[in-house]
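Asker: The hints should help you fit chain B onto chain A, whose structure is shown.
As given, the protein sequences belong to chains A and B, one line each in that order.
Residue 100 is where the first sequence starts when you use our numbering, and the numbers rise one by one after that.
Residue 100 is where the second sequence starts when you use our numbering, and the numbers rise one by one after that.
Worth double-checking, as some hints may not be accurate.
Copies of the same chain look alike in the list, so a pair counts if it works inside one copy or between any two.
Subject to a maximum C-alpha distance of 27 Å in a straight line, what follows is the list of computed BS3-like cross-link-like pairs (lysine-lysine) [as the list claims (entries may be wrong)]:
id : residue 1 : residue 2
1  : Lys188    : Lys138
2  : Lys355    : Lys188
3  : Lys495    : Lys301
4  : Lys453    : Lys495
5  : Lys138    : Lys453
6  : Lys188    : Lys301
7  : Lys495    : Lys138
Derived from the structure by calculation, the hints contain no laboratory data.
Protein chains: 2
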Amino acid sequence: MIFVSNSARWEQPRTSLFTDHYELTMLQGALHSGAAHRKAVFEAFARRLPDGRRYGIVGGTGRLLDGIMAFRFGEEELEFLARTGVVNKETLDYLADFRFTGDIWGYAEGEAYFPNSPILIVESTFAEACILETYILSVLNHDSAIASAASRMVMAAGQRPCIEMGSRRTQEESATAAARAAVIAGFDSTSNLEAGLRYGLKTVGTAAHSFTLLHDTERDAFEAQVASLGAGTSLLVDTYDVEAAVRTAVDIAGDKLGAVRLDSGDLVEQAQWVRQLLDDLGNEHTRITVTSDLDEYAIAALQSAPVDSYGVGTSLVTGSGAPTASMVYKLVSRTNDAGEFVSVAKAAKNKTSKGGRKYALRRLNDNGTATQELIGVGHRPADDGNDRTLLQQFIKNGELLPGWTGHEGVLRARQRHADSLAELPTVVHRLHRGEPAIPTIYEEN
Amino acid sequence: MIFVSNSARWEQPRTSLFTDHYELTMLQGALHSGAAHRKAVFEAFARRLPDGRRYGIVGGTGRLLDGIMAFRFGEEELEFLARTGVVNKETLDYLADFRFTGDIWGYAEGEAYFPNSPILIVESTFAEACILETYILSVLNHDSAIASAASRMVMAAGQRPCIEMGSRRTQEESATAAARAAVIAGFDSTSNLEAGLRYGLKTVGTAAHSFTLLHDTERDAFEAQVASLGAGTSLLVDTYDVEAAVRTAVDIAGDKLGAVRLDSGDLVEQAQWVRQLLDDLGNEHTRITVTSDLDEYAIAALQSAPVDSYGVGTSLVTGSGAPTASMVYKLVSRTNDAGEFVSVAKAAKNKTSKGGRKYALRRLNDNGTATQELIGVGHRPADDGNDRTLLQQFIKNGELLPGWTGHEGVLRARQRHADSLAELPTVVHRLHRGEPAIPTIYEEN
Numbered sequence: 100m101i102f103v104s105n106s107a108r109w110e111q112p113r114t115s116l117f118t119d120h121y122e123l124t125m126l127q128g129a130l131h132s133g134a135a136h137r138k139a140v141f142e143a144f145a146r147r148l149p150d151g152r153r154y155g156i157v158g159g160t161g162r163l164l165d166g167i168m169a170f171r172f173g174e175e176e177l178e179f180l181a182r183t184g185v186v187n188k189e190t191l192d193y194l195a196d197f198r199f200t201g202d203i204w205g206y207a208e209g210e211a212y213f214p215n216s217p218i219l220i221v222e223s224t225f226a227e228a229c230i231l232e233t234y235i236l237s238v239l240n241h242d243s244a245i246a247s248a249a250s251r252m253v254m255a256a257g258q259r260p261c262i263e264m265g266s267r268r269t270q271e272e273s274a275t276a277a278a279r280a281a282v283i284a285g286f287d288s289t290s291n292l293e294a295g296l297r298y299g300l301k302t303v304g305t306a307a308h309s310f311t312l313l314h315d316t317e318r319d320a321f322e323a324q325v326a327s328l329g330a331g332t333s334l335l336v337d338t339y340d341v342e343a344a345v346r347t348a349v350d351i352a353g354d355k356l357g358a359v360r361l362d363s364g365d366l367v368e369q370a371q372w373v374r375q376l377l378d379d380l381g382n383e384h385t386r387i388t389v390t391s392d393l394d395e396y397a398i399a400a401l402q403s404a405p406v407d408s409y410g411v412g413t414s415l416v417t418g419s420g421a422p423t424a425s426m427v428y429k430l431v432s433r434t435n436d437a438g439e440f441v442s443v444a445k446a447a448k449n450k451t452s453k454g455g456r457k458y459a460l461r462r463l464n465d466n467g468t469a470t471q472e473l474i475g476v477g478h479r480p481a482d483d484g485n486d487r488t489l490l491q492q493f494i495k496n497g498e499l500l501p502g503w504t505g506h507e508g509v510l511r512a513r514q515r516h517a518d519s520l521a522e523l524p525t526v527v528h529r530l531h532r533g534e535p536a537i538p539t540i541y542e543e544n
Numbered sequence: 100m101i102f103v104s105n106s107a108r109w110e111q112p113r114t115s116l117f118t119d120h121y122e123l124t125m126l127q128g129a130l131h132s133g134a135a136h137r138k139a140v141f142e143a144f145a146r147r148l149p150d151g152r153r154y155g156i157v158g159g160t161g162r163l164l165d166g167i168m169a170f171r172f173g174e175e176e177l178e179f180l181a182r183t184g185v186v187n188k189e190t191l192d193y194l195a196d197f198r199f200t201g202d203i204w205g206y207a208e209g210e211a212y213f214p215n216s217p218i219l220i221v222e223s224t225f226a227e228a229c230i231l232e233t234y235i236l237s238v239l240n241h242d243s244a245i246a247s248a249a250s251r252m253v254m255a256a257g258q259r260p261c262i263e264m265g266s267r268r269t270q271e272e273s274a275t276a277a278a279r280a281a282v283i284a285g286f287d288s289t290s291n292l293e294a295g296l297r298y299g300l301k302t303v304g305t306a307a308h309s310f311t312l313l314h315d316t317e318r319d320a321f322e323a324q325v326a327s328l329g330a331g332t333s334l335l336v337d338t339y340d341v342e343a344a345v346r347t348a349v350d351i352a353g354d355k356l357g358a359v360r361l362d363s364g365d366l367v368e369q370a371q372w373v374r375q376l377l378d379d380l381g382n383e384h385t386r387i388t389v390t391s392d393l394d395e396y397a398i399a400a401l402q403s404a405p406v407d408s409y410g411v412g413t414s415l416v417t418g419s420g421a422p423t424a425s426m427v428y429k430l431v432s433r434t435n436d437a438g439e440f441v442s443v444a445k446a447a448k449n450k451t452s453k454g455g456r457k458y459a460l461r462r463l464n465d466n467g468t469a470t471q472e473l474i475g476v477g478h479r480p481a482d483d484g485n486d487r488t489l490l491q492q493f494i495k496n497g498e499l500l501p502g503w504t505g506h507e508g509v510l511r512a513r514q515r516h517a518d519s520l521a522e523l524p525t526v527v528h529r530l531h532r533g534e535p536a537i538p539t540i541y542e543e544n
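Chain A on its own, in the form it takes in the complex (with noise of 0.2 Å):
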């Protein structure tokens, strides 16, 4: 896989209206008691997997990372505050000079997570800690939920390259962090030209069936992408008769024609013919891209097909059935007037929580392969020997920490799904439903 180089100059735009009008509301009245200030830890968690899955992949880190450092309120931000009567003099003069100046710890970008585990952990103050919550839930609820259905899209391809193509299908900004998540979940490249700008993804894409369509003649069209785009290129062949375009394709490219593409009818039998079609046409070496509404289990069922490459859409930026992650932020403990930290947890009803400060461990056998999500409350659990440490730190005393966001950022998450499914059982590989993979398993104090 070719990154190019990141140089971009993209910049972060401020992020402190991406929030819920109830956060600042609660910030005026806990300046108001005082308990603004206490300490507080948050922690962000999915109480449980889309239905069915077997694990989930964190994604957004990187995005989030920036995004926090750019949570700031501007001239602009405060106008509108004040002049919609948001909150009062106070909570403006509060908001003015505010920066994020806790840590933040969490799981990886990239890593896989189970029921209940701490995927974020905020130290602040209440005050710091409170108004991050719409902003960090958005952003670990989209990317998270995109990077877990491209993963097991990436693992029903097998060796094959798939390639993110479902830009349209989704708000333009939620495309480009789709793109972002799943290369990070093992896409080889994406369409999506502003994610190749802000993150440096390899971008990817020839023609479609209107380019076809512009021209009097297929051939017409055909001989102006190859002659503008080269042999290389991948024509796509099904606009009006399959096989006549194959003919005309390899008649106009020759042997060096780098693909063609099927974006409809039935493709496991199409490609099993255009490939007998272009063998017998000394095409070898020109591969065949599918691209017509697949997911995880399409692919599935064209992995016995001579497909080279899947191009995937609509149900990748929409989370294959599940768009959002379910993740909660929840104040699990808090100091009281003599400073001392208390656990804390809503009690009624159907959404119950555990309070105090979690600690994360992968407990792996000799194998190296994982048997728990081991969470303590309230402090480390012991290593055995084997296990891997979750929780890494992103930001400290509010200063981002290196290596965790832009192009960098996007590599190294890459690298950790890769590393952290390796290490899963082998029922991650089944599409079924079922239990997750690991059990989580809370060692309390």
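Answerer: Then chain B, alone, in the frame of chain A:
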């Protein structure tokens, strides 16, 4: 409903790289063949509605039009495209000067649509219309999916207001767009501050469980909130024991207490006894808001309970099972070398579409109820006297026509939504699955 005024100075960023790589390589190929400058008509439409839905609602048009005006290639974009070799020098020169100079027509934002309704029609050169494809579909597919889901929720809620609070469950920019789409489809307000700033929407919010957990007692938390936000605030009463919380709330805020919020448990049963308790305590005017994972079906089930407003999150921002509207954008007509328009359409398997420029009327009976979506192919169907013309012009010779964007556009779209729904047959009030509310009828040349 009160909107705040829209004096926001939010500036639309450039949108040109929210684009699939292949749009630009097609441009390059077409510049090479010369066909790039042929006149072309592209149309955006959905081949079908989400499974069982009776209608869809067009969302995103106002955002889209602003974005098309900002679809320009600056130094940063051109440098990226050059450095990564996406396109050649000739194409870069074309893009450097690019601005859209054609005409754009479409269904007004907020309008109901049906299978094959020509939701957006772009008339320009192939070059100009082609490279807008991905961005147009991203905006329309996302925002229409949200508006369509929101419309059903508002219908299920009857006269009770719905509040959008799903920001945390979707990507941060999608959240802002979703808030806007929800308000267009009749939601009363949103928790999303960025949407408040950009579009002048009413934002609301008070406190979450963490605010209660932060304080030593629930009473401390409620006192702080009431002292800071006033007795008219909404107190969240399910952190510990609901009955005790309601009694504490009334004790602190008195009969001026604005609302209590229930976020867990059996909402129907709880709303009933909480209403009774509030009444018994003399708080007949204190409202009850419910917020726990609601969708249109849960809202319908709560209509018999004494609930005053619904807060909707996850289900809204994920389109209630249909996170994308599945619209496509197809070349339907283009000129030949003689300058004459020729209808074009893909012929191969299972993804056919109908060539030729479309015109659309909503046929109404004498009672003003819609009976047909009448689509003329290549001509305007004759109006039988009651019909309503659906296509509006948004952009003329590259100039944005007034009234469609910004705060004004949101207000206008919200009115369009209300008026269009009032015109549809009563079957649209049913939540269960069925056929589209009216059939789409083609009138051929």
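Asker: If a hint holds in the structure, say so; if it does not, say that too.
Answerer: For each hint, the structure was consulted:
1. Lys188 to Lys138: within (23 Å within a copy, 57 Å between copies)
2. Lys355 to Lys188: For Lys355 and Lys188, the Cα distance is within 27 Å only across copies (24 Å; inside one copy 69 Å).
3. Lys495 to Lys301: Classified as neither; 32 Å inside a copy, 37 Å across copies.
4. Lys453 to Lys495: Within one copy only: 25 Å inside, 59 Å across.
5. Lys138 to Lys453: So Lys138 and Lys453 pass the 27 Å test inside one copy only (18 Å; across, 63 Å).
6. Lys188 to Lys301: Between copies, since 20 Å is at most 27 Å while 48 Å is not.
7. Lys495 to Lys138: within (15 Å within a copy, 57 Å between copies)
Taken one by one, the earlier hints fail for this structure only at number 3.
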